[in-house]
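Asks: So you can see what is in the structure, the chains are spelled out below.
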Amino acid sequence: MYESFFRNFNSKVALTAEEEALIKNYLSPKKIRKKQYLLQDGDICKNIAFIEKGALKSYSVDDNGNEHIIQFALEGWIIADLYSFLTGEPATYNIDAIEDSELVLINKAAHEELLVKFPKYETFTRLNITNAYLAMQRRLTSIISSPIEERYSNFIAIYPDIVQRVPQHMIASYMGLTPETLSRIRRRILSK
Amino acid sequence: MKTKQTVAVIGATGNMGSAIAKSLSKGNYRLLLKSNKQDELDALVKEIKSRNGNADIEAAVCPVEAGWEADIIILAIPYEAEKEAAERIREVANQKIVVSIANPLNGTFDGLLTTPDTSAAEELQKLLPNSKVIKAFNTTFAADFSTPVIDGKQVDAFIAGNDEDALQIVSELVATAGFRPIIAGDLHVSRTLENMQLLLIRLGMKYNYNWLAGWKILHN
Ligand SMILES: NC(=O)c1ccc[n+]([C@@H]2O[C@H](COP(=O)([O-])OP(=O)(O)OC[C@H]3O[C@@H](n4cnc5c(N)ncnc54)[C@H](OP(=O)(O)O)[C@@H]3O)[C@@H](O)[C@H]2O)c1
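Those protein sequences? They're chains A and B, same order as listed. With the working numbering, you'll find the first sequence wraps up at 192, consecutive numbering, no jumps. With the working numbering, you'll find the second sequence wraps up at 220, consecutive numbering, no jumps.
With the rest of the complex left out, here is chain A:
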């Protein structure tokens, strides 16, 4: 239920068995089926979700009803509407499951208490947020300055597992392309 969570935690900061047992008290195991929502925009994001197994995505929906995928998350990753989680404002993202998944949820009150009681949890959180920040910067730079082909090549180089698991139309949405444009780009790259 928490294997992947603690493996990930220990790879960042090593915990004693006793600390693991204490931290477990604050975690909530949650199964979610494919296509189910973890969060809908307009609600307040009450949890950070760590993915034990499966795959989720966060996305925003524009005024025309089009989905724009913000982030994918596979095993070992974290997903949330961090803005909403940290400020308590309504979420602007939706989060749903791409596959049947197993999550470890950390609610706001548990998160705050863990930060105060366990300096190692604070380190874990800092590393997670730093990684999220780096990924966001990389994504932003690529969106505003790289040619489309290079963006796609970079994406498959960095996230080969996402390309394997996630349908093409979702990857197109993530890249800000129509599925047709994406398949044209893939053909061009393959023919090189």
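None of these hints come from the bench; they were simulated from the model. Don't take every hint at face value.
Derived list of chain A stretches under chain B, where covered just means 3 residues or more per stretch with a C-beta under 8 Å from a C-beta of chain B [said to hold, decoys possible]:
(1) 22-32
(2) 62-69
Distance condition first, Cα-Cα at most 25 Å in a straight line; then the derived PhoX-like pairs of lysine-lysine [unchecked claim]:
(3) B:37 / B:22
(4) A:53 / A:35
(5) A:35 / B:83
(6) B:2 / B:37
(7) B:26 / A:35
(8) B:83 / B:126
(9) B:126 / A:117
(10) A:108 / B:26
(11) B:126 / A:24
(12) A:35 / B:49
(13) B:46 / A:34
(14) A:34 / B:26
(15) A:12 / A:53
(16) B:26 / B:2
(17) B:49 / A:34
No residue lacks a Cβ here, since even glycine has one placed at the ideal position from N, Cα and C.
Assemble chain B with the ligand onto chain A, guided by the hints.
Replies: Showing chain B with the ligand alone in chain A's frame:
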């Protein structure tokens, strides 16, 4: 809340479990029903689906699986059975809302099995220290769910618990079932709520209310 919550009902084929399942199936909930009586359970799921094609409802294989998927777990079982059920779901119920509906009545319906310094809800909280135990639905009879308005008045339903968020979420459940939710206070207020139902049962037997009775706070 827009995000659909998943509710597990343990003991779903009982009087209360089936009444709760039927009334919540009309709301924005995904229901996972668990009972040891598989035939009755399948029939209940079928009945609810045939009445409401939009109902998001499923029979669950075991309480652990149901609890693992759930955001809210309702124990619609007798007080005496809660210890064993709590032990089974303890791990998957961590940090989740667990609704205690039990009235710990004795065999002769003239007293409670609990001592005055505790309640069924507080005993459940001790068994599930990392869950958010909320008292609800204990002051409404199973029959009230199909008639939440009695004598022209919407029946009040009291809620008690220690977690503000959880109280709000359970208030929405209670309102979906058709009752007027009233947050009564901390979990220890359950002692009063459980005694209120003992009184209502006694009065019902004495004056023949035929199980269709409820509490209503009059105020200006
Ligand atoms: N009836 C009311 O009007 C009312 C009102 C307020 C509160 N309550 C409370 O709601 C709870 C359920 O009451 P109910 O009237 O719905 O009872 P019920 O009709 O007898 O149903 C109880 C269910 O609990 C399950 N169960 C699990 N362990 C059990 C055990 N050791 N002995 C008996 N049943 C067991 C059974 O389902 P399985 O097939 O899964 O074993 C059974 O269907 C009780 O705690 C009661 O105090 C009842």
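Asks: All hints are to be evaluated individually against the structure, with a verdict given for each.
Replies: Each hint tested on the structure:
1. Requiring three or more residues with a Cβ within less than 8 Å of a Cβ of chain B, the coverage given for the stretch 22-32 of chain A holds, as 9 such residues are present.
2. Chain B is given as covering the stretch 62-69 of chain A, and this is violated because 0 residues of the stretch bring a CB closer than 8 Å to a CB of that chain, at least three being needed.
3. At most 25 Å may separate the alpha-carbon atoms for a hinted pair to count; residue 37 (chain B) and residue 22 (chain B) meet this at roughly 17 Å.
4. The suggested pairing of residue 53 (chain A) with residue 35 (chain A) holds, with an alpha-carbon distance near 15 Å, which does not exceed 25 Å.
5. Straight-line distance between C-alpha atoms of residue 35 (chain A) and residue 83 (chain B) comes to about 35 Å, which puts the hinted pair past the 25 Å bound.
6. For the suggested pair residue 2 (chain B) and residue 37 (chain B), the alpha carbons sit about 33 Å apart, so the restraint of at most 25 Å is broken.
7. For the suggested pair residue 26 (chain B) and residue 35 (chain A), the alpha carbons sit about 21 Å apart, so the restraint of at most 25 Å is met.
8. Simply put, residue 83 (chain B) and residue 126 (chain B) have alpha-carbon atoms about 10 Å apart, close enough for the 25 Å limit, and the pair holds.
9. Between the alpha carbons of residue 126 (chain B) and residue 117 (chain A) the distance comes to roughly 23 Å, so the proposed pair stays at or under 25 Å and holds.
10. Taken as a hint, the residue 108 (chain A) and residue 26 (chain B) pair is broken in the structure, with Cα atoms around 30 Å apart against an allowance of 25 Å.
11. In summary, the hint linking residue 126 (chain B) to residue 24 (chain A) is supported, as the alpha carbons are separated by about 17 Å, within the 25 Å threshold.
12. A hinted pair counts as satisfied when its Cα atoms are at most 25 Å apart, and residue 35 (chain A) with residue 49 (chain B) qualifies at roughly 21 Å.
13. For the proposed pair residue 46 (chain B) and residue 34 (chain A), the alpha carbon gap of about 23 Å is at most 25 Å, so the pair holds.
14. Restraint check: the Cα-Cα separation between residue 34 (chain A) and residue 26 (chain B) comes to about 23 Å, which is no more than 25 Å; the hinted pair holds.
15. As the CA atoms of residue 12 (chain A) and residue 53 (chain A) are separated by approximately 19 Å, the hinted pair is consistent with the 25 Å bound.
16. For a cut-off of 25 Å, the pair hint linking residue 26 (chain B) to residue 2 (chain B) stands: about 15 Å separates their Cα positions.
17. Of the pairs offered as hints, the one joining residue 49 (chain B) and residue 34 (chain A) holds, with about 21 Å between alpha carbons and a cut-off of 25 Å not exceeded.
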